[in-house]
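Model the placement of chain B on the given structure of chain A, informed by the hints.
Residue numbers (the numbering used here), protein chains in the order written: chain A, 63 to 379; chain B, 897 to 1186.
Any given hint might turn out to be false.
[Stated by the list, open to error] Here are the simulated lysine to any residue pairs, SDA-like style, with alpha carbons at most 25 Å apart:
#, chain 1, residue 1, chain 2, residue 2
1, B, LYS1019, B, VAL1083
2, B, LYS1058, B, VAL965
3, B, LYS1058, B, VAL1083
4, B, LYS1019, A, GLN367
5, B, LYS1019, B, PHE1031
6, B, LYS1019, A, TYR349
These are calculated hints, taken from the structure and not from any lab test.
On a predicted model such as this, the values are computed, not experimentally measured, just so you know.
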Amino acid sequence: MRLRRSTIYWTGFSVIIALLIIAPFVLPEFWRRFVTEILIWGLLAMSSDLLIGYTGMVSFGHSAFFGLGMYGAAAALLMVKPPSLWLAIPAGLIGAAAVAAFVAYFSTRLRDIYFAITTLIFSQIFYVIIFTWTEVTGGENGLTFSRPRLAIPGLFSVPFTSETLHWFVLAAVTLSYLVLRRITQSPFGMVLQSIRENEARTRAIGYPVERYKIMAVMLSGLFAGLAGVLYAIQNRFAAPDFVFFVVSGEVVIYNVIGGIGTLVGPIVGAGFFLLLREGFSRFFTEYYLIPVGVIFVAMVIFMPQGLLGFARRWLNE
Amino acid sequence: MEIAFDQLLIQTINGIVTGMILALVASGLTLIFGIMDVVNFAHGELFMLGAYAGVVVLAATGDFWIALVAASLLIALLGAVIYLTTLRPLLGRDPLTTILATFGVSLVLQNYALWQFGPVARKIQEPFTGHFTLFYLDYPWYRLVIALLSAAIIGTLWLFLKISTFGVWIRATTQDRVMAQAMGIPVPWVLTVVFAIGAAMAGASGVLFGPLVGVNHAMGLDWILKAFIVVVIGGMGNLAGSIAASIFISLLEAYASLWVSPAQAIIVSFVVLILTLLFRPTGLFVPTPK
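With the rest of the complex left out, here is chain A (with noise of 0.2 Å):
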């Protein structure tokens, strides 16, 4: 009897999610909040690889997206009291969404290499503007700010611990992925792959490819708001570092170690590189950007699926 692929595919997925549901029972305090953290990067790359893997645009600005959904969450968490979850994250998604309007705009008339230096140069216009705006923005120091509770008002009301914070954003990265999945498998997603593999013939067949393009980055940039509003939720600061393009570049890193175009795969990268870079930082303290580069290197030329392609090769043979 063979099982169907659907079947393998939620029982898999359900033991996975039952297995992040119970990690923080038996973690210590280090790892829960590693895995936590591995779920929020994951996150963000997942968001950007709707435009790395389905639409075939490499962005080198996802900073800009995740720095702003951080900056957004801080103004709600910071100018209303008490601070209220459920302000923080429309705040923070606003945010995002404002600048992936902006940065959709302008850069989606751009293809291939020019997109992705666009987009580059996009998120280097937002930390200019955030790490010299020293008034609203704490300039370089960044803003901190207190943890909301988790409540839903006339229901409940805890305080965040690090179970819970878990709980929650596992939930948000949860529902996100299953929307994602949802979204690549839609109409507007096939849209977006014969985009990849093809524009020409795509604009041919009479689809507005420009507006699939822009409406592609503005997802993206939305999801990964949501996870500049997780992010800044757990750490309880916004700060510039987060929208240099060098977090850009690290979550295409996630992306390319983990595979492109399969959603879970930049999971999988980010949980890696934050792997590594743990056992790297280890022995070769700050510098472990050197090992950790040259394995990214390797793995560009010899595994350009990443580390799922390659299983799934390694599956069926």
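Just chain B now, kept in the frame of chain A:
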């Protein structure tokens, strides 16, 4: 605010000086892109390592000009090694993979510099310290010499491309790689040399620029961004365009810093970039495509 004429003139000179250095960095970048479809993210790191190589050779020999030549040669060699180990295997794949690979290389090089030389900025002594009086300012001759030297290096490159046999080979490879190969031009060798030349130019500009600011491991980041802006504004792969764009952008930034802080003046070049993308996405200094 009233801006005096003398301030404007000083900023013009400053703008042209930085513009020439930027042109030197950007022309290496655009040469590499135009000829081999490689977006070299590690270009800023080659600039930075060039400056460090200058520091080391200067400490050993005590002569600035030896340091300049030695650093350029060292960085050319490093460029050739980088090309052979990381970019050669990617030949024929999507140009985007070259961004990824060179980004990885830039991480390695930057952290190597941090590891090797530490976080404290080093100083390169100027080869001569003469000044001339420009209104109320003592303007160092060295700055003008940098601009002239950069122009000379770019001019040599241009002549090299125009006249020498190897230059003809390079231009032939740009136009049609397969046909060039069929005509007996050693294309792999040409590509390696082009990457080495681009790297050497980055290294030379690092040494030239070193005396103006300290040499540190993160100095490449600023320059790579500016160089990318310039290369896009000038039209990718277009040598003359990126030189014009370098000077244009640097002048604008120099004027803008009369009003705002230099950190904010860079926003001006971002704005120029956006306007370019909106109205002339092929580049500001490129003839209108038919």
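Going down the list of hints, with the structure as the test:
The straight-line distance between the Cα atoms of B/LYS1019 and B/VAL1083 is roughly 40 Å, outside the 25 Å bound, and the hint therefore fails. Proposed proximity of B/LYS1058 and B/VAL965 is supported: the alpha carbons are some 23 Å apart, at most 25 Å. Distance hint between B/LYS1058 and B/VAL1083 is fulfilled; the C-alpha atoms sit about 18 Å from each other, no more than 25 Å. Between B/LYS1019 and A/GLN367, the direct Cα distance comes to roughly 44 Å. Violation of the 25 Å bound is thereby established for this hinted pair.
Taken as a hint, the B/LYS1019 and B/PHE1031 pair is broken in the structure, with Cα atoms around 28 Å apart against an allowance of 25 Å. Of the pairs offered as hints, the one joining B/LYS1019 and A/TYR349 holds, with about 23 Å between alpha carbons and a cut-off of 25 Å not exceeded.
In terms of the numbered hints stated before, the structure departs from hints 1, 4, 5, listed from lowest to highest.
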